[in-house]
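Student: With these hints in hand, go ahead and build the complete structure from the sequences.
First to last, the sequence lines map onto chains Y and U. Sequential numbering of the first sequence, starting at 1326, is according to our numbering. Sequential numbering of the second sequence, starting at 1326, is according to our numbering.
Because the hints were derived from the structure by calculation, they are not lab data. Fair warning: this is a prediction, and the values are worked out from it, not measured in the lab. Incorrect hints may have been included.
Listed next, with one range per pair, are the computed distances between beta-carbon atoms [unchecked claim]:
#1 Y:G1467 / U:E1363: 29 to 35 Å
#2 Y:R1465 / U:R1371: 31 to 37 Å
#3 U:E1410 / Y:S1464: 39 to 45 Å
Over the 10 Å line for every Cβ pair with chain Y, so calculated as not near, a few chain U residues [what the hints assert, rightly or not]:
#4 V1336
#5 G1361
#6 Y1407
#7 G1509
#8 G1576
#9 K1582
#10 D1587
#11 A1601
Idealized CB from N, CA, C, for every residue including glycine.
Below are the chains, spelled out letter by letter.
Protein chains: 2
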Amino acid sequence: MIFDRLTERIVKTQCPVCVGLDTALGYLPEELQARGTEGIFEFNRRVIDSVADIVPSVKVQSAYYEVYGEQGALCFRRTMEYAKERGLIVIADAKRNDIGATAAQYAEAFLGEGSAADLVTVNGYLGTDGILPFLERCSRSGKGIFVLVKTSNPSSGELQNLRLEDGRTVYECMGDMAEKWGEGTRGEYGYSCVGAVVGATYPEEAKILRARLPHTFFLIPGYGAQGGNAAMLKNCFSAGGLGGIVNNSRGILCAYKHRGGDYAEAARAATLDMKADLLGVLGEICARS
Amino acid sequence: MIFDRLTERIVKTQCPVCVGLDTALGYLPEELQARGTEGIFEFNRRVIDSVADIVPSVKVQSAYYEVYGEQGALCFRRTMEYAKERGLIVIADAKRNDIGATAAQYAEAFLGEGSAADLVTVNGYLGTDGILPFLERCSRSGKGIFVLVKTSNPSSGELQNLRLEDGRTVYECMGDMAEKWGEGTRGEYGYSCVGAVVGATYPEEAKILRARLPHTFFLIPGYGAQGGNAAMLKNCFSAGGLGGIVNNSRGILCAYKHRGGDYAEAARAATLDMKADLLGVLGEICARS
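Tutor: The following block contains the structure:
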């Protein structure tokens, strides 16, 4: 069960950090840029090697690969496979959404036996029809999904913070749906196979959601470049510092640009700094199972 | 401007039909199935050849290609390029959604110079941050997007039909956002570069949206296999039968399975039947520009 595995890794590493491989070509040193998607893979490979013993997981953002067509698809697959080989839990950040047979194709693409991903992000605007095909795939594979609930971006409230007639906000409603979709799939640590994306940049909403969704594991974007800091994201975690993992992409991948030196070493140093920052707020991460 | 071009094609062909290339391997005759993505491309190519003179556009559903990794990405690209070569307007049905620099990568992938797509479907749950990068790309290329507003599936109302405190439903709110995102981009026929997905299966909602969103062109799924018929989808159109195009995938691709004969010829016959069915309700399609 994926969130059991992820929780165990987090406790072991004491590092609830997900390294985001949103590897834009412009992030690479010039000599790698010239090699296109081969350069992107080489960059990812060395970053993965550099952090594999200190973090539980990586998140690979599909958009940065899709832009290169079939070469990008190959680089995306190889990156996920390499991260898996190095023992990391792999999140495919694809925010897919569709219905019925089409959603089943996406579920197969991202969570099927041919994919190295353990988790995929999905968008729940279409309702249960768009989620069930993923859950069916998860039930056979022990994998999971993250549903977008409250996203980290400035305009996320335009729809997500509107209040419904029944008193809930749209993000609370989506959170309730995520909690419900996960029913009957809880693992050892109490989390179902349906997680939620909850931005570090909205601590009030995170507090509400953390209390409201006790069986939902949070993927937390927005730390660093987007303005989220450790104090703000404490609200995303349950007691013992469990129930969440914080993504950081640019802050890790581009650390060498201001720290100097080798990009992979700088990525490791930035990750360790982030770990210290988070643990300063969360304290020791303890499983209560 | 894409919706001018699409409107002119619809008036010329008198056929507001989009052929959906949701080409599942199981839809193919056995001899083509054995050839994998090469077989899928061959099937698409012959269907495109068979309908290119009678329809304005095709919609290529990304999920059915992504499941084959880099081979699928190649087949997706070749299918779109071939449809474009044959003079068709190409809709990439990808329902992408992300923010900022990541959304810009998706916009480049689907609407950039390297892509044969004229339009891409997107999901607006993340708000304006997720849409602006697509609009910036559209302003340079004359291309457009379709925002998911009211989808055709049975559970679409779980979120979309909830009523907000301000009296609007969530789908009305999303429709209002689409109309607003399109401001300042209207073409000759009054439609902006931001269209909406509005399911044929919900005629009451379609009627409300058609009146509410006068400058928004509708992509209408749900005809045929999902239960939508011509009478139900009249509400999706403006006066003169303008402002919408109806997708049909399985009903066209799999027509040969019950009609017998060659799949490409059966696809053409099914398309002509659908055209007659729609025109029976819409009457002659007339541009008022």
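Student: Determine for every hint whether it applies to the structure shown.
Tutor: Outcome of the hint check:
For Y:G1467 and U:E1363, the hinted distance range of 29 to 35 Å is satisfied, since their beta carbons lie about 33 Å from each other. Between Y:R1465 and U:R1371 the CB atoms are about 35 Å apart, so this pair conforms to the stated range of 31 to 37 Å. Under the hint 39 to 45 Å, the C-beta atoms of U:E1410 and Y:S1464, about 43 Å apart, fit the expected range. Residue-level check passed: U:V1336 sits 30 Å from the nearest beta carbon of chain Y, beyond 10 Å.
Here U:G1361 stays apart from chain Y, with its beta-carbon at least about 13 Å from theirs, past the 10 Å limit. For U:Y1407, the non-interface assignment is confirmed: its Cβ lies about 15 Å from the closest Cβ of chain Y, beyond the 10 Å cut-off. For U:G1509, the condition that its CB be more than 10 Å from all CB atoms of chain Y holds, with the nearest at approximately 18 Å. With a closest Cβ-Cβ approach of about 14 Å to chain Y, U:G1576 is found to remain outside the 10 Å limit, as its non-interface label requires.
With 10 Å as the threshold on Cβ separation, the claim that U:K1582 sits away from chain Y holds: the shortest Cβ distance comes to roughly 15 Å. The claim that U:D1587 is not at the interface with chain Y holds, since no C-beta of that chain comes within 10 Å of its own (minimum 24 Å). Every beta carbon of chain Y lies more than 10 Å from that of U:A1601, the smallest distance being close to 27 Å; the non-interface claim holds.
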